[in-house]
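Protein sequence lines, in the order shown, are assigned to chains L and P.
Residue 383 in the numbering used here sits at position 383 of the first sequence; the count goes up by one each step and never skips.
Residue 603 in the numbering used here sits at position 13 of the second sequence; the count goes up by one each step and never skips.
Hints are computed from structural coordinates only; laboratory data are not their basis.
Be careful, since some hints might not be right.
[As the list claims (entries may be wrong)] For lysine to aspartate or glutamate, the following DMTMM-like pairs were computed, each having C-alpha atoms within a straight-line distance of at most 20 Å:
no., chain 1, residue 1, chain 2, residue 2
1, L, Lys540, L, Asp521
2, P, Lys654, L, Asp521
3, P, Lys626, L, Glu372
[As the list claims (entries may be wrong)] Pulled from the structure, derived: some chain P residues nowhere near chain L, Cβ distances all over 10 Å:
no., residue
4, Gly616
5, Ala618
6, Lys654
7, Gly659
Only a predicted model underlies this, so the values are computations on that prediction, with no experimental measurement involved.
The beta-carbon is built from N, C-alpha and C at its ideal position, and this holds for glycine as well.
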Amino acid sequence: MLKSLTDWIDDRTGYRSLLAWARDFPAPGGVGWRHALGPAFAIVFVLEAITGLLLMVAYSPSSSTAWGSVFHIEHALWMGWFIRGVHYFAGQAMVILIGLVLLQMVVTGAYRQPREFRWWLGLGLLFLTIALSRTGHLLPWDQEGYWSTKIETNIVAGIPVVGPYLQRLIVGGDDYGNATITRFHAAHVVVLPTLLGVCLAATIVLVRRRRTVTDEIARTEAFWPEQALKNLVVAVVVVVGSIIASLALGGAGLDAPADPSSGEFPARPDWYFIWLFHLLRTLPSDLRLVATLVVPGAIVSLLFLLPLLDRLLPKKLAHGLACAVVLAILGGVGYLTYGSLRADAADAHFREALAEADQTSDRATALAADLETGVPPEGSTYLLRQDPLWRGRGVLERKCLGCHVAEGKGKGEQTASDLAQFGSREWIGGLLENPSSKRYFGATAGAGGMAEWKRASKLKPEELSLVADFVATFAVVPDDVTPDDWLSTKEIADHPGLPLFQKECGTCHVVDGLSEGGTRDAPELFGWGSPRWISRMVRKPGAADRYGFLEPKHQMPAFPAEQLTRGDLDMVIRYLRGDYFKTAPAAKAH
Amino acid sequence: MSRRELLVRLVWGCRAVLGLVMLVPGMAFLLSPLKKSGRGTSFDALARMSELKVGEPRAFAVLKDLRDGWVKYPREPIGSVWLIRQPDGVDPPVVALTAECPHLGCAVNLAADGKSFLCPCHNSIFSLAGKPENTVSPRPMDPLDVQITSGPDPEIRVKFERFRPQADRRIPLA
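The shape of chain L in the complex, shown without the other chains (with noise of 0.2 Å):
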């Protein structure tokens, strides 16, 4: 039955003949493990072809889609992680056999004549596998790829007159985004791809008139089936060594998303231009070009001209010089890949910033996967952009902490309050036990009235606790509510704290309807510690229901809209008052 319906297909097709051409000849040079790591190299090739497939298929090339949909790829679809892990080590992988590939052809002399145009498509897929895996890099826009590609293609910016113009063209335009995506995407899926299969063809056309036409081999054995389950093994370890590095890794990784305004982030290129990126730190800035384009440079036009060494010297000389070359060069990467992993090993600025920038990873990651938060409409750069905790903190290091302190860490000399869990109940009761704690206002300068009243007090500490407890409702009046509606609340006209403030408190602070103040100068407190009292704090600190009083010297500096954003402020605030997603991990993270 199958028989007859293969005969049928057979008659019509020939494929039976095809079939027999594309494995029934003779293997020339016998078969071996030795001719194994080509084939394999192309049939590696075919499964990232299919993977990369699957993976377009749920893949969004834009700035703002790329990360979440690759978020989506590894946390949401069946197997994804496991499909771009595959396809990310074996991609990983057929860097490795190209290369061992071109190695074997030099250290056995099959680079030469008559093999130069073997040799020349060898170097040829070797250039393109490196260009898919740079190109790669880039799609999921996160941190790592993001950063790198900038790293590499500033680099192309610094070869002497055209450097500039190819950067322009690489990237789509000065900055990097949705024009870098779509291109690096096209080259990724189409360009590169069919390119490679080009080489590998012509390739695959030149091993075979090889093998017919000349006669210099002597021992020729069958192809089928011996060399191909060699090939076809390879390609299997190639696979399961992927598959175990997926499982052993989480899969092929996925930083925070890219984000041009993040501060330090620890940008490595891939593990094969280590040594070059090594080069370039060590070298003087004068000497750049070195690293960018001379050595680079020279080694690319050395490989390529190997072939034709054998026209100027006698050909043992020349095959022991090639031999010797490329051992020089793989000598020189290999030490100065050595030396950038034991820089970076030794350097604690490093590793605190790829500490850091994991766990800016996992918070993303918490954010992502969140049904309540999700990647924002605006763009999975706004996923931390839009987070409190990442961003409000900060924002706050930046613009606040070169006086105030949080936690007890600041940036700078300390003159102004600490304001981790400022607004909390906490937060005013240590105050209202010690206000001269350098927790509150120990280190401002002119701010000694509550210190003052603190040593004429006479408050019992139960007392002092209903106060607290009082000023503490005023961190959650909501913005559209005045002094008298919120006076006329029943938990608020009944709040054991309220006569115990106004008798204490109300002398010095002004609220509304309830206190006039007048014995000295103090801020006003109505909702103290909510957005609103906070933003006009941050605003205008020197108004009169403010700190005015201060001396101009001892004001907190105003913090304008053109110095801080509305958006910036909300989550300086959102952050300061903990309002924001909080995860197990996160929470411990921070």
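Add chain P to chain L, keeping to what the hints say.
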């Protein structure tokens, strides 16, 4: 078994390994949309009684947090519902019909005279009670569950659901 046969079998074995490694995860990946979305349905307030006049249908957008793949859109219109207030004493006092046509899912509009519903795509016509008035649609417009709160101006809450198009019965989509 000859050595050659063994080798051929091993070749097919390797091919099977590579094929399975691609095929099984690949199929799972492509079949991911069949995963249960776990999207719960709930009653959402659409309007107040005072916004409706007896016998005059009005469309209201259903606003819900929408998760489109990886993106979360807060309070996005995910559908439209026709509310028709019934004369006093009739139970239920308000009928809710989803604006999604049971035929092929276009948005059903009110006809110009306000006396019937009309789907612009394939001209299915429905009475104000949602009954088909020609043979285009396989079933009446889909009624939705309604809750009406108490109070002087009650709130009309509707459980928005989608149903399988073209079926002659109402089959909720998971």
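Each hint, compared with the structure:
no.	hint	in the structure
1	Lys540/L x Asp521/L	holds (17 Å)
2	Lys654/P x Asp521/L	violated (50 Å)
3	Lys626/P x Glu372/L	holds (18 Å)
4	Gly616	violated (5 Å)
5	Ala618	violated (4 Å)
6	Lys654	holds (12 Å)
7	Gly659	violated (5 Å)
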